[in-house]
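Line by line, the protein sequences give chains A and R.
Under the working numbering, the first residue of the first sequence carries the number 1, and numbering increases by one thereafter.
Under the working numbering, the first residue of the second sequence carries the number 1001, and numbering increases by one thereafter.
Quick caveat, the hints were computed from the structure, so don't treat them as lab data.
Accuracy of the hints is not assured; some may be wrong.
[To be verified] Computed from the model, here is a short list of chain A residues facing chain R with C-beta under 8 angstroms:
no.: 1; residue: H211
no.: 2; residue: E223
no.: 3; residue: Q227
no.: 4; residue: S247
no.: 5; residue: P386
All C-beta atoms, glycine included, are put in the ideal place defined by N, C-alpha and C.
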Amino acid sequence: MAEQTTVATTGNVLVAEAMRQCKPDVMAAYPITPQTTIVEEFAKFAANGKTHAEYVTVESEHSAMSACVGASAAGARVMTATCSQGLALMWEELYIASGLRLPIVMANANRALAAPINIHCDHSDAMGARDAGWVMLFAETAQEAYDNTIMSVRIAEHADVMLPVMTCLDGFITTHSIDRAEMLDDASVTEFVGEYTPRYALLDTDKPVSHGNFSGLGGAYFEFKKQQRTAMDAALSVVKSVGAEFSALAGRPFDVVEGWGMDDADVAIVVIGSTAGNARHVARDLRAKGVKAGVLKIRCFRPFPSAEIREALKGVKAVAVLDRSESFGAEGGPVFLEVKSALYDLDARVPLVNYIYGLGGADVRLELIESVYADLSDIVSGTAAPSAMQYLGTR
Amino acid sequence: MKWDISRVNEWKSEEFPPGAVIPEGGNSHDYNVGGWRSERPVRDDKACTQCLLCWIFCPDTAVVLDGEKVVDFDLEHCKGCGICANECPTNPKFGRKAIEMIPEGCELPGVK
Chain A
1 MAEQTTVATT GNVLVAEAMR QCKPDVMAAY PITPQTTIVE EFAKFAANGK THAEYVTVES
61 EHSAMSACVG ASAAGARVMT ATCSQGLALM WEELYIASGL RLPIVMANAN RALAAPINIH
121 CDHSDAMGAR DAGWVMLFAE TAQEAYDNTI MSVRIAEHAD VMLPVMTCLD GFITTHSIDR
181 AEMLDDASVT EFVGEYTPRY ALLDTDKPVS HGNFSGLGGA YFEFKKQQRT AMDAALSVVK
241 SVGAEFSALA GRPFDVVEGW GMDDADVAIV VIGSTAGNAR HVARDLRAKG VKAGVLKIRC
301 FRPFPSAEIR EALKGVKAVA VLDRSESFGA EGGPVFLEVK SALYDLDARV PLVNYIYGLG
361 GADVRLELIE SVYADLSDIV SGTAAPSAMQ YLGTR
Chain R
1001 MKWDISRVNE WKSEEFPPGA VIPEGGNSHD YNVGGWRSER PVRDDKACTQ CLLCWIFCPD
1061 TAVVLDGEKV VDFDLEHCKG CGICANECPT NPKFGRKAIE MIPEGCELPG VK
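Chain A extracted, bound-state conformation (with noise of 0.2 angstroms):
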């Protein structure tokens, strides 16, 4: 295990350290709130030489993606960080980012989208890009975004993947609360994430290539997203891999899905992010009452874990799934029916109800987990059946 040093500070002053001790030789940014710190804190870095990172100020995140693809291109290792409109701003270069295969590594500040304009936390930045072919991480805390951050790099250059990743903290909770870290010493880092070694460098002159390219070639642009399938549904195991060795130089645990409590659950909560802490609070407080209560966190979204989570939830006799974003029209949020579809190929049906909640940054009082966990209980007693998808908390 290496040397760590106990720090207090915020989530987004941890992002923008891992991302200089992973040596980017480009950034390309666009400030917005909550993101704004983490570009702020590695503008510092380069104007005070604490990293070789070129810095370019764009005009947009329109601009940011653009010059992200065009330096991974190129053949550097590079980094971003955006949210919200800023993500959605960028929204066709994620998938050129995806499609040409680079390996760009980008922490989103989730925060909502506007109508009405709100700069508070909730997930529908993050999953109205989930479809872009980005392998997408979720933080619960400050140490797991600073984590998620250096293992991102490792699993986005991995030959079996050459896919952007996108590392996601909850803006605000996560992104400004200060929080306490472990941070490892800068040489570690370095040596975990290693060097960059592009298969196809534009730069690489005694090996010249083109990239962007018409998919005339054959006519094959069916058959690339094929490869980007495949990529994908590689990174599952990247991820386990990369998390475990990280695992054993941090000495903290990884996995695509984190449980607690879920050995014998009766009643369980699914989730993403920062509630996962709320969650496991009051779960920990109805274990002490004599109820079997777990938590399922999912760190891993997208390639999305269902072998992990049927297996999870097997056995378990009422589950709720928290969704921070809207699917509107749908039978529920999005890790509602990524869940739900995990769970179709159990002989034995698990109760599923699924709650939205905490949209636009909307407080997650610990009442309304426990009500949560009480209609579980309801379900399992037999005295309410499980309803369709809830609105958790408006008024």
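On the provided structure of chain A, position chain R as indicated by the hints.
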């Protein structure tokens, strides 16, 4: 070794270079783009002053030289953009340009 794409239309998904990269340089000549053309350039050798502006301005490599003289167009790579005809200077002796664009197909024998 040259990248062999002769059987590209039979390749399986995993045979293509990831990210649609073309992993070598100088191979655009291997790719026939003449089928995009709706007009073709026609050159009158008598009116041509051999100024070579067409050769300089051609965005592809479709103007064929023999030494320092224009002799032909490479219709496998001419996309019919018409830049050569646009840049071709009027020859004062003839009162017209040496290159003009004609609609593809219409003037060819046997093509309606």
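Results for each hint:
no.: 1; hint: H211; verdict: 6 angstroms, holds
no.: 2; hint: E223; verdict: 4 angstroms, holds
no.: 3; hint: Q227; verdict: 5 angstroms, holds
no.: 4; hint: S247; verdict: 29 angstroms, violated
no.: 5; hint: P386; verdict: 41 angstroms, violated
In this structure, the earlier hints numbered 4, 5 are contradicted, and the remaining ones agree with it.
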